[in-house]
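Q: Residue 18 is where the sequence shown starts when you use our numbering, and the numbers rise one by one after that.
Bear in mind the hints are in silico, worked out from the structure with no lab data behind them. Among the hints, a few may not be true.
[To be verified] Okay, derived cross-link-like pairs now, DMTMM-like style, lysine to aspartate or glutamate, Cα gap no bigger than 20 Å in a straight line: (1) Lys66 - Asp19; (2) Lys66 - Glu127; (3) Lys66 - Asp108; (4) Lys152 - Asp26; (5) Lys20 - Asp153; (6) Lys152 - Glu141; (7) Lys152 - Asp22; (8) Lys55 - Glu127; (9) Lys55 - Asp108; (10) Lys55 - Asp125; (11) Lys66 - Asp22; (12) Lys55 - Glu70; (13) Lys20 - Asp60; (14) Lys55 - Asp120.
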Amino acid sequence: MDKLDALFDFNATALRVRAQRQEILAANIANADTPNYKARDIDFAASLKKALEANVASAANNSAVSSNGNISLATTHGQHIPGGNGLSEADLLYRPLIQGSVDGNSVDGEVERTAFVDNAIHYEANITMLNAQIKDMTTALNSGN
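Produce the complete structure using the sequences and hints provided.
A: This is the structure:
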């Protein structure tokens, strides 16, 4: 994997993990009134590291099954974009109960909304960085004319 691929791979993977986290947080908010629902989340840094390692391993051996057992699209060329590398069930963590609930639900609306907004801001920051990198790359390529 060359430097350009590594640069874009990092940002693409970070966006993918952020999007998956956003879905988890949205599910928590949507289930705030569901009896016995347990709020879930992921450790972003650990999930990003695991996804990046899976991308490198997948690119190195064109494997269709990653080290964590997730099935991904096999690549036949180093320039192909690997698919998959989603979160496994083991990556999902239960959020600790902050305040008891009569119905067994562990969703704290304020905590979930705060995490949702924080994740959305980081997602937007990742997109901004990726767009800036693409713009810089385009400028560099066009300056040779």
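Q: Compare the structure with each hint and give your call.
A: Consistency of the hints with the structure:
Among the hinted pairs, Lys66 with Asp19 is consistent with the structure: their alpha-carbon atoms are about 19 Å apart, no more than 20 Å. For the hint linking Lys66 to Glu127, the alpha-carbon distance of about 28 Å lies beyond 20 Å, and the restraint is violated. For the proposed pair Lys66 and Asp108, the alpha carbon gap of about 12 Å is at most 20 Å, so the pair holds. For the given pair, Lys152 sits about 16 Å from Asp26 by alpha-carbon distance, which is consistent with the 20 Å threshold.
Between Lys20 and Asp153, the direct Cα distance comes to roughly 15 Å. Compliance with the 20 Å bound is thereby established for this hinted pair. Proposed proximity of Lys152 and Glu141 is supported: the alpha carbons are some 16 Å apart, at most 20 Å. A C-alpha spacing of about 16 Å is found between Lys152 and Asp22, which places the hinted pair at or below 20 Å, so the restraint holds. Using a Cα cut-off of 20 Å, the hinted pair Lys55 and Glu127 holds, with the two alpha carbons roughly 15 Å apart.
For the suggested pair Lys55 and Asp108, the alpha carbons sit about 15 Å apart, so the restraint of at most 20 Å is met. With a C-alpha separation of about 10 Å, the suggested pairing of Lys55 with Asp125 holds against the 20 Å cut-off. Using a Cα cut-off of 20 Å, the hinted pair Lys66 and Asp22 holds, with the two alpha carbons roughly 16 Å apart. Under the criterion of a C-alpha separation no larger than 20 Å, the hint pairing Lys55 with Glu70 is inconsistent with the structure, at around 29 Å.
For the given pair, Lys20 sits about 27 Å from Asp60 by alpha-carbon distance, which is inconsistent with the 20 Å threshold. The straight-line distance between the Cα atoms of Lys55 and Asp120 is roughly 11 Å, inside the 20 Å bound, and the hint therefore holds.
The structure fails to meet hints 2, 12 and 13 from the earlier list, while all remaining hints are met.
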